[in-house]
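Undergrad: Chain by chain, the residues run as shown.
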Amino acid sequence: MNGNQGIHFDTPFRTRTCTTMTPPCRYVLPVFVLWLVSVPLLAQDLTNQSSLFEKGIALHGGAGLLAVRDEFISSEKYSGTGPFLAARWSRDHETYGYRLSLQYLFTSGLKNHNVSAELRQFSLGVDFLYPAGKMVLRGKELYFFAGPSAELFLHFRRQNIAGSGESIFNAYSAASLISAGVRSEAYCPIGAEITLDGSSQLSILSFGGRSVDPRKTGASPFRLLTLFTGLNAHGELGANYRATASLRIRIAYRLEVTRITSWDYFISGSDSFILGVTYAL
Amino acid sequence: MGLFHLRKRLFHTGSHIRSVKTTSHRLRYGLAILVFFAIIVPACSDLIVGGPDPVDNVAEIEAAWRITKSVYPYFQFKGINWESLHPLYRVRAEQSSGDEIFVVLFDLLAELKDGHVGLRTKGGYYVQAYQPPRSVRDRFAFDPLVVRKYFDRELKLAGEKRIEYERMSSNLGYIRLSTFTSGSWILEFDAVLSYLRGTDGLILDVRNNGGGSDHTTDVVVSRFIDAPLPRAPGFVNGQLQSRQPLQPGGGFRYAHRVVVLINGVCFSATEGFVEMMKQIATVTVLGDTTGGGSGAPEYFSLPSGREIRISTKDFRRYDGEPIEWNGVPPHIRVVQTETDARSGRDRQLEQAIAVLK
Chain Y
1 MNGNQGIHFD
11 TPFRTRTCTT
21 MTPPCRYVLP
31 VFVLWLVSVP
41 LLAQDLTNQS
51 SLFEKGIALH
61 GGAGLLAVRD
71 EFISSEKYSG
81 TGPFLAARWS
91 RDHETYGYRL
101 SLQYLFTSGL
111 KNHNVSAELR
121 QFSLGVDFLY
131 PAGKMVLRGK
141 ELYFFAGPSA
151 ELFLHFRRQN
161 IAGSGESIFN
171 AYSAASLISA
181 GVRSEAYCPI
191 GAEITLDGSS
201 QLSILSFGGR
211 SVDPRKTGAS
221 PFRLLTLFTG
231 LNAHGELGAN
241 YRATASLRIR
251 IAYRLEVTRI
261 TSWDYFISGS
271 DSFILGVTYA
281 L
Chain V
1 MGLFHLRKRL
11 FHTGSHIRSV
21 KTTSHRLRYG
31 LAILVFFAII
41 VPACSDLIVG
51 GPDPVDNVAE
61 IEAAWRITKS
71 VYPYFQFKGI
81 NWESLHPLYR
91 VRAEQSSGDE
101 IFVVLFDLLA
111 ELKDGHVGLR
121 TKGGYYVQAY
131 QPPRSVRDRF
141 AFDPLVVRKY
151 FDRELKLAGE
161 KRIEYERMSS
171 NLGYIRLSTF
181 TSGSWILEFD
191 AVLSYLRGTD
201 GLILDVRNNG
211 GGSDHTTDVV
221 VSRFIDAPLP
231 RAPGFVNGQL
241 QSRQPLQPGG
251 GFRYAHRVVV
261 LINGVCFSAT
271 EGFVEMMKQI
281 ATVTVLGDTT
291 GGGSGAPEYF
301 SLPSGREIRI
311 STKDFRRYDG
321 EPIEWNGVPP
331 HIRVVQTETD
341 ARSGRDRQLE
351 QAIAVLK
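Top line first, the protein sequences correspond to chains Y and V. Using the working numbering, the first residue of the first sequence is number 1, and each one after it goes up by one. Using the working numbering, the first residue of the second sequence is number 1, and each one after it goes up by one.
These aren't lab readings, by the way, just hints derived from the structure by calculation. Hints should not be assumed to be uniformly reliable.
Listed next, the in silico DSSO-like pairs over lysine-lysine satisfying Cα-Cα at most 30 Å (straight line) [unchecked claim]:
| # | chain 1 | residue 1 | chain 2 | residue 2 |
| --- | --- | --- | --- | --- |
| 1 | V | Lys278 | V | Lys313 |
| 2 | V | Lys161 | Y | Lys216 |
| 3 | Y | Lys111 | V | Lys113 |
| 4 | V | Lys357 | V | Lys78 |
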């Protein structure tokens, strides 16, 4: 018996072995999931849940913990804290809500022992959110929204190691994803002024870019990635307080994970504590 | 009674009591949310990203030291006691954790003071461990945009934009070779030289050319010789290498006078090129001494997957002196500074034109 322990599929023509997902499987499955999630939502009506959907301009700021492993530089983990800034513009239409969001994260204090790196991370997202029903949980109504989303994610890292004389160790590494995915949100009003909310977003199909070694044969810096090879996911848990008719104050926790395995292994994660205001238009 | 009155004074009506209850309710929610955040925030990303693969920093330094010892040709010439550095760097490696080894490795390689030496990160980003001083001095002293001011027309491009050329108004030809990197692009040099065949003289500008392949430089030099040109000596592990003389090549020989422009950024294969061109009777080398490096570097893997780049050969000038550190001096020294380039002046090009007129 050879070392291949894969599942055997009998076909009329030959027996083939499937140990991992073949490239067509990798692309078909995510597209199918995206279709499955998006299509039923198109017929929903937003009006009955419209008051919950956060409309207007939101400015968020905060700080968080960051951790990165980027094997283009080394297999070591770098971690530290850094500020987080975000802006969102949301509005609702008859059947769906629309949101444009920008966020920027920067730190120069990402450390691995006594070696540090600078990190800049930027994302630009577009979300279309459709009402996806409601449920009652312990006497509280929970409203769901879901829909397709697209996101541009850019990650740039620079090592900070000063060398001797004119030489400076300034290795760079970059990663980027242009992703299509799904986003879901849940709102739970717990009083006239306070609403708890949660959201999650998952990339399904991405066009990825990465720093590569040009000497490596076939090492193209751009590739089509699935969620198995290029994942960008984030989630938030927060609470909104309606301070005035047009002003909401928000406190939230955000977890973001980006993982790219198609080139040198890359994973970054951030936990951010966010404080923000939303001005309803 | 007292308590009743106190309560009545504090809360005049039932609605006030409800208000206080609502406020207390909100506070409880708020507190619960804060506790939730306080617990969850510091935890997740660190756990998800996970820990590093173990890397033995001592093994890393030991490998780098041993490889360098076995192949590096310039210890004696540079007066480096490599054995004496071993215990120092081993201790530093023992005391280092994680990516601190980058600093130790970098410093060890920088001891060689060799512009060919450096290291590659695991993914392949190359970091040079040392910049030759003349290269640092001259890096902004040459500006191709300033060169264009000396032409009344736009310069032509060839060889995947690595060759820039045109006739000057005084019927002199100008060719700039920005690199000698290997590839078939250099075969277009033949067509470029044909275009300039009728000129009275040629300026061959290799300033800021950081080198490449000897095969590429051979294609160019072969167009200016009419008899086999012996090679300068080269040593590997102290043994003299025998190399075949360079044969004339191409469809015709450019027989008019040639000025080769050089500066401190010229490095590696470019220096070998300049040294060969200096042997040709029709050629004048003008500018400033080249950077000083011709070690034929190779990459060697370390246990972690990083690579170091180390010089392996000792190529000499025709006078027997190493090109390493010494560089190749010009026939006519013309100093050009960053200030000249900024003020839009190319003294070396002006002097080359004067020599050829």
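Undergrad: Next step is simple, just say for each hint if it's right about the structure.
TA: Hint-by-hint comparison with the structure:
{"no.": "1", "hint": "V:Lys278 <-> V:Lys313", "result": "22 Å, holds"}
{"no.": "2", "hint": "V:Lys161 <-> Y:Lys216", "result": "24 Å, holds"}
{"no.": "3", "hint": "Y:Lys111 <-> V:Lys113", "result": "29 Å, holds"}
{"no.": "4", "hint": "V:Lys357 <-> V:Lys78", "result": "42 Å, violated"}
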